[in-house]
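Novice: In the order they appear, the protein sequences are chains A and B.
Under our numbering, read the first sequence as residues 1 to 79, first letter to last.
Under our numbering, read the second sequence as residues 1 to 148, first letter to last.
Some clues are possibly wrong.
Some chain B residues close to chain A (C-beta under 8 angstroms, calculated; not the full set) [said to hold, decoys possible]:
id, residue
1, MET49
2, PRO82
3, PRO87
4, GLY89
5, LEU107
6, PHE109
Covered stretches of chain B (chain A as the covering partner; in silico rule of three or more C-beta atoms under 8 angstroms from a C-beta of chain A) [as the list claims (entries may be wrong)]:
id, region
7, 5 to 11
8, 59 to 71
9, 123 to 133
Calculated from the structure, these hints are not laboratory results.
The C-beta atom is built at its ideal place from N, Cα and C for all residues, glycine as well.
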Amino acid sequence: MNDEVRMKKLLKQAVRPVDVRAEPARDLWPAVLRRIDQDTGTDASVQSGWLWLDGALLAGLVVLGVSFPTTIPLLLYYL
Amino acid sequence: MKIHPYLRAYVAGIFMPTLVLPLILTGYITLRFVIGVQVPIERFVIFPMAVVPFLFGLWNMVYLATHDHTHLPLGVHGAILPFFGAPIGALVASCLGVLQIRGDGILWFQVLHIPYALLVCAFLAALAGYYLVWKYIVGFLNRVLGIA
Numbered sequence: 001m002n003d004e005v006r007m008k009k010l011l012k013q014a015v016r017p018v019d020v021r022a023e024p025a026r027d028l029w030p031a032v033l034r035r036i037d038q039d040t041g042t043d044a045s046v047q048s049g050w051l052w053l054d055g056a057l058l059a060g061l062v063v064l065g066v067s068f069p070t071t072i073p074l075l076l077y078y079l
Numbered sequence: 001m002k003i004h005p006y007l008r009a010y011v012a013g014i015f016m017p018t019l020v021l022p023l024i025l026t027g028y029i030t031l032r033f034v035i036g037v038q039v040p041i042e043r044f045v046i047f048p049m050a051v052v053p054f055l056f057g058l059w060n061m062v063y064l065a066t067h068d069h070t071h072l073p074l075g076v077h078g079a080i081l082p083f084f085g086a087p088i089g090a091l092v093a094s095c096l097g098v099l100q101i102r103g104d105g106i107l108w109f110q111v112l113h114i115p116y117a118l119l120v121c122a123f124l125a126a127l128a129g130y131y132l133v134w135k136y137i138v139g140f141l142n143r144v145l146g147i148a
């Protein structure tokens, strides 16, 4: 029993007490938000690139249809 | 939703041509019976009415079956379809007398002359159109029906 008390005392000396109300040295939430923004920003730029390509394709189709109306029935035949 | 995935893929595939066909028919019927342009509707309508929806549905089933191996985006998968559909459509049209192949181009519906150079542009336009239709419309339906 005496050893047990001595062991508790030694452990308390060796291990730093943990404060349950302890907070990080700085606010971490802005870093989390920055990380989320970075990820979604990459996806958005990729999607934006695809949207530009798709828009260009659509514009090309419209230009072809206006320039050469004879192709319109041909294209509709396959749709 | 795991039951009958191929049936759902077929339904999602045929949606677009089935939706567009009445609009095209309305346009051609108006051209023929209202404006008086002599176009043999009854002969050429077989391909867009019967073959195109079937090809779309079948191609979407192929997408479902092969996507795990190929990992092709749906738009690109759809843009491959004209390589099969165009020769079939041309063959059907040629057999029905809707398409005549000439030295300087092709004659559609006995009135529309399309030079070969323009035919290449039309084919590229078909690739672009199919890419957009498959990416946005068929892709949306696949998501709605729980396939994608």
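Novice: Hint by hint, say whether it matches the structure.
Specialist: For each hint, the structure was consulted:
| no. | hint | result |
| --- | --- | --- |
| 1 | MET49 | violated, 11 angstroms |
| 2 | PRO82 | holds, 7 angstroms |
| 3 | PRO87 | violated, 11 angstroms |
| 4 | GLY89 | holds, 6 angstroms |
| 5 | LEU107 | violated, 11 angstroms |
| 6 | PHE109 | holds, 7 angstroms |
| 7 | 5 to 11 | violated (count 0) |
| 8 | 59 to 71 | violated (count 0) |
| 9 | 123 to 133 | holds (count 7) |
In the structure shown, a violation is registered for the earlier hints numbered 1, 3, 5, 7, 8, in ascending order.
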